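Protein chains: 2
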Amino acid sequence: MNQAQSSGSTPELLYLLHGDPHELAETVAHMRAADVAEAVARLSASAAAKVVAALPFDLAVQVLEEPESRQDRADILSRIPGETAGALIDAMSPDEQADLLRDITGEERTRLLRRLSPGTRKALKLLLSYAPETAGGIMTTEFVAVPDTWTAGRTLEHIAKVGRGKETVYAIYVLDETSGRLVHVVSLRDLTMADPRVGVLELGDRRAPLTVTPATDREDVARLISKYDLLAVPVIDEAGRVLGIVTVDDVIDAMVREQTEDVHKFGAVQALEAPYMDVSYIRMVQKRGVWLVLLFLGGMLTASVMGAFETEIENTVVLALFIPLIISSGGNTGSQATSLIIRAMALREIGAGDWWRVGLREMPAALTLGSILGVMGVLRILVWHYAGWYDYGPHHMLIAFTIGTALVGVVTFGSFVGSMLPFLLRRLGFDPASASAPFVATLVDVTGIAIYFSVAAILLRGTLL
Amino acid sequence: MNQAQSSGSTPELLYLLHGDPHELAETVAHMRAADVAEAVARLSASAAAKVVAALPFDLAVQVLEEPESRQDRADILSRIPGETAGALIDAMSPDEQADLLRDITGEERTRLLRRLSPGTRKALKLLLSYAPETAGGIMTTEFVAVPDTWTAGRTLEHIAKVGRGKETVYAIYVLDETSGRLVHVVSLRDLTMADPRVGVLELGDRRAPLTVTPATDREDVARLISKYDLLAVPVIDEAGRVLGIVTVDDVIDAMVREQTEDVHKFGAVQALEAPYMDVSYIRMVQKRGVWLVLLFLGGMLTASVMGAFETEIENTVVLALFIPLIISSGGNTGSQATSLIIRAMALREIGAGDWWRVGLREMPAALTLGSILGVMGVLRILVWHYAGWYDYGPHHMLIAFTIGTALVGVVTFGSFVGSMLPFLLRRLGFDPASASAPFVATLVDVTGIAIYFSVAAILLRGTLL
Chain A
230 MNQAQSSGST PELLYLLHGD PHELAETVAH MRAADVAEAV ARLSASAAAK
280 VVAALPFDLA VQVLEEPESR QDRADILSRI PGETAGALID AMSPDEQADL
330 LRDITGEERT RLLRRLSPGT RKALKLLLSY APETAGGIMT TEFVAVPDTW
380 TAGRTLEHIA KVGRGKETVY AIYVLDETSG RLVHVVSLRD LTMADPRVGV
430 LELGDRRAPL TVTPATDRED VARLISKYDL LAVPVIDEAG RVLGIVTVDD
480 VIDAMVREQT EDVHKFGAVQ ALEAPYMDVS YIRMVQKRGV WLVLLFLGGM
530 LTASVMGAFE TEIENTVVLA LFIPLIISSG GNTGSQATSL IIRAMALREI
580 GAGDWWRVGL REMPAALTLG SILGVMGVLR ILVWHYAGWY DYGPHHMLIA
630 FTIGTALVGV VTFGSFVGSM LPFLLRRLGF DPASASAPFV ATLVDVTGIA
680 IYFSVAAILL RGTLL
Chain B
230 MNQAQSSGST PELLYLLHGD PHELAETVAH MRAADVAEAV ARLSASAAAK
280 VVAALPFDLA VQVLEEPESR QDRADILSRI PGETAGALID AMSPDEQADL
330 LRDITGEERT RLLRRLSPGT RKALKLLLSY APETAGGIMT TEFVAVPDTW
380 TAGRTLEHIA KVGRGKETVY AIYVLDETSG RLVHVVSLRD LTMADPRVGV
430 LELGDRRAPL TVTPATDRED VARLISKYDL LAVPVIDEAG RVLGIVTVDD
480 VIDAMVREQT EDVHKFGAVQ ALEAPYMDVS YIRMVQKRGV WLVLLFLGGM
530 LTASVMGAFE TEIENTVVLA LFIPLIISSG GNTGSQATSL IIRAMALREI
580 GAGDWWRVGL REMPAALTLG SILGVMGVLR ILVWHYAGWY DYGPHHMLIA
630 FTIGTALVGV VTFGSFVGSM LPFLLRRLGF DPASASAPFV ATLVDVTGIA
680 IYFSVAAILL RGTLL
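Protein chains in written order, with our numbering: chain A, 230 to 694; chain B, 230 to 694.
Hints in this document: simulated from the structure, not taken from any laboratory. Take these hints with a grain of salt, some might be off.
Which copy is meant is left open, so a pair is good if it fits within one copy or across any two.
Derived SDA-like pairs: lysine to any residue, alpha-carbon spacing no greater than 25 Å straight-line [stated by the list, open to error]:
hint, residue 1, residue 2
1, K516, S600
2, K516, G580
3, K516, R331
4, K516, V604
5, K516, G588
6, K351, R470
7, K516, S663
8, K390, M513
Bear in mind the structure is a predicted one, so any value in this text is a computation, not a measurement.
With the rest of the complex left out, here is chain A:
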């Protein structure tokens, strides 16, 4: 695989930096922008700035546009002389410019903005007005649009002329000549295969084009592009005019970032924005500590709940032995349910109003799973007892029955909590993906102990308790 080669190039870049600049330029000429960006990302900010400044201009722009540079580029650009930095930013595509300027605040931002051309500043003002997780926030304003009166041939000539500066030329947006409204989309494929004299309106799919609004969620844009196999989707305003486009590349980058965030969240870590190996020790502890401390505070309730049942534990120590097994069974079932629901929500298979439908599906499944584990729990005690591995005393049947019943209750409850939590979080305005496995487990731990000892109190009253 070609990727393997790139890892070795970091020291090489650094070495070349101290040598002949022409040699550096020659080496990187053979490298792809993504590989240079990857190598640069491993350098310190000051070394990275030196390398970027030494690169051929076009390559430097491409490197800064790569997702690998996203983390450091504001820092890198602030170390490059203002004029050069301004020219580099000016040459970047509008969506990347907006992304960059979101990371820069205060004086630095004003300083950089002043270096940009008036056209760039105006485009940026529009893009920066949208939230970064929306279509408006990830779109680019560099697309090809032609009037609906043009022919295929004239459109192709136009593309040949202006195509170089556009993010994509594979989708061409056909606008109503007077109102500027989007009326049609043709693909470069259709154009290439058409008679040059045919009007662009005659080509391609006759259905109204698929569009999104600037406020459409980034994930919904990704779903649309993926579902209909699009190369780009236009973002239109209320009057139907094209504000920009989101391309499949942007969507893939967004998907990868989103996926990382979701996995981290489900593991109860605040999403790391940089590769695992590049995150500083302090940052790593912060990102993990917040959730661990919150979960610990929640988990303290288990000690309080257990304290309430101290007499029962003193009287029947054997009950304490099964606490970890019982509460973790609840936590496991809960984590399962949560992961299923979070994913189904992310894929829009289920919506906010489906909670009762999910509840109706979960209940029988949970009861069945609880019964299976309950029977296993009963068998565990009886087998150990009759095999002589452990003496559960004269009331072993009652103990086994208590454990079994508690398991059914805890597993059913865990599944209920795990499946409903994402809905509750969404209702409260949080990301459903924040319902992490440890969060669910902690919730179920507390209630699981209460369920367990309540079942015990009822079943063992008068015998063991």
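Please arrange chain B on chain A, whose structure you already have, making use of the hints.
The following block gives chain B in isolation, referenced to the frame of chain A:
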């Protein structure tokens, strides 16, 4: 959003099926293949077969090619008369044909294969020889290739002629005229912007094309396409000839499927292949039960380990009160570490050989996190004691110190297990993503109890124990 409309179309499709077939045809003419597929996926197999058979031929083929149909298409095609079914399959793209035939076995497969054209059968034989999670398994053999002696103009004419039947025409593969080896790739964009008299070798990027082999992992193909913003990547054999291409659409579909699998796995569920709401009750219980039962069997060890410390628990019931808090803190830290490592492995940020580097990063972070929680645990006991909410007796300092020390140990150990488990699983030939949060929690539960009571045995000997 346009997707919202599609949900309403299922009853409509069913209704139209019983009415005038022309009416059905007219309705679906306005629908996109992905929407029809989504609606069809909600029908029973026999109703779906009727709808597909009633669709215009080209649309029926497209519907069968949609990812939404993947689950049911084998079933649907088996209910359509052999000749029609054969023609539909024949018209599908080779990658989808291969995917379909993988789901069909035995007699049915032989029956269907016999209906296909000899050309299709030959192409299928090649594709089916590759594993489904490799580049060979998801590639299509329909791409545009031209000899290296052609000009841009001649290539464009060729595309206009043959383009209709190709999966993509945006990347054109330039082959050495004598050996058939891939020497260059040009984009339709480059061709459109070029002088028609220029040779294709003069256009576009002069670097050797990015390629993969048929055995390249599907996820690595996705990473390559996403990293270098490609629209397709060629799959080449040892002699450098192009066997097929993988397009960005295929990669997005694969990413969505992979992502779902990973989320489900991390939640300790076997990946559901169908939407949450469509999975049958039996299947749902199976998919979840397997892991729950295995985890329960593992969790049983907690009862045995606790049994070994029964005397300690009897003597100091207060120790039992903190068991859930301590072991869940270990489980939480472990789940965090696992989610970070799994994701970093999936992104190839870290490889199999990086386990010691990860260990070196995890240890200080884990010790810090453990110390934070340890101090909180000590405070919890002392505050409760001095506030008079709970009487920890004369040895409250010692108890607090025991809990604190155990927390440091369990959290550090949890982080160690959580970060190393994905490496171990990979070494053993399993998917690292199988290191689910509940799996880690169960592992840490068992050892956490042992750590806790060992610390207690050492610190409390002679006083409380």
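Review point. Can you list which hints this structure breaks, lowest number first?
Key: As far as the earlier hints go, only 8 is violated by this structure.
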